[in-house]
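Number of protein chains: 2
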Amino acid sequence: MKKATFYHAGCPVCVTAEQQFASALNPKEFRVEVVHLGQQKQRLSEAERAGVKSVPALVIDQQVFHINFGAALNDLK
Amino acid sequence: MKKATFYHAGCPVCVTAEQQFASALNPKEFRVEVVHLGQQKQRLSEAERAGVKSVPALVIDQQVFHINFGAALNDLK
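Those protein sequences? They're chains A and B, same order as listed.
To convert, note that position 16 of the first sequence is 3 in this note's numbering; the numbers rise steadily by one, no gaps.
To convert, note that position 77 of the second sequence is 64 in this note's numbering; the numbers rise steadily by one, no gaps.
Incorrect hints may have been included.
Said to hold, decoys possible - Straight-line alpha carbon distances no greater than 30 Å define the calculated DSS-like cross-link-like pairs of lysine-lysine that follow:
id, chain 1, residue 1, chain 2, residue 2
1, B, Lys(-10), A, Lys15
2, A, Lys15, B, Lys28
3, B, Lys15, A, Lys(-11)
4, B, Lys64, B, Lys15
5, B, Lys40, A, Lys40
6, A, Lys64, A, Lys(-10)
7, A, Lys15, A, Lys(-11)
8, A, Lys15, A, Lys(-10)
9, A, Lys(-10), B, Lys28
10, A, Lys(-11), B, Lys(-10)
11, A, Lys64, A, Lys15
12, B, Lys15, A, Lys64
To be clear, the hints were calculated from the coordinates, so they are not data collected in a lab.
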């Protein structure tokens, strides 16, 4: 089971991406964790270390995919 | 069965996204079509109408998700 982490900040772009996207991943292959960085600021540094520059972003196997553009990580600090 | 279309142009960013991403979608829920816009230029207008501005991009149910940034559509014409 691979891990996929979806970082978002509750913005409209994020919510659309989460609903259509994170939920579209193969449940047999991925365990998906959804992290709201606006509410869980203690996880910002973890997201930065993973290479996340903006949200929404999906990290699959240490590979970062930035989806559209919702909010810059710096704006959430 | 919903349809998901993954537009790409063969660039390294695109290939990574395709391998890790398009293949990660739930096969029971989505029929995924992969379109190489560099080789299938006749489908550029279709991609533009769907709202695609750059590749790689994934269109799910008429919603466009631009992933990272590989190449602008205008550069493929």
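For each hint, the structure was consulted:
| no. | hint | result |
| --- | --- | --- |
| 1 | B:Lys(-10) / A:Lys15 | holds (19 Å) |
| 2 | A:Lys15 / B:Lys28 | violated (35 Å) |
| 3 | B:Lys15 / A:Lys(-11) | holds (18 Å) |
| 4 | B:Lys64 / B:Lys15 | violated (35 Å) |
| 5 | B:Lys40 / A:Lys40 | holds (20 Å) |
| 6 | A:Lys64 / A:Lys(-10) | holds (26 Å) |
| 7 | A:Lys15 / A:Lys(-11) | holds (9 Å) |
| 8 | A:Lys15 / A:Lys(-10) | holds (11 Å) |
| 9 | A:Lys(-10) / B:Lys28 | violated (36 Å) |
| 10 | A:Lys(-11) / B:Lys(-10) | holds (24 Å) |
| 11 | A:Lys64 / A:Lys15 | violated (35 Å) |
| 12 | B:Lys15 / A:Lys64 | violated (39 Å) |
The structure fails to meet hints 2, 4, 9, 11 and 12 from the earlier list, while all remaining hints are met.
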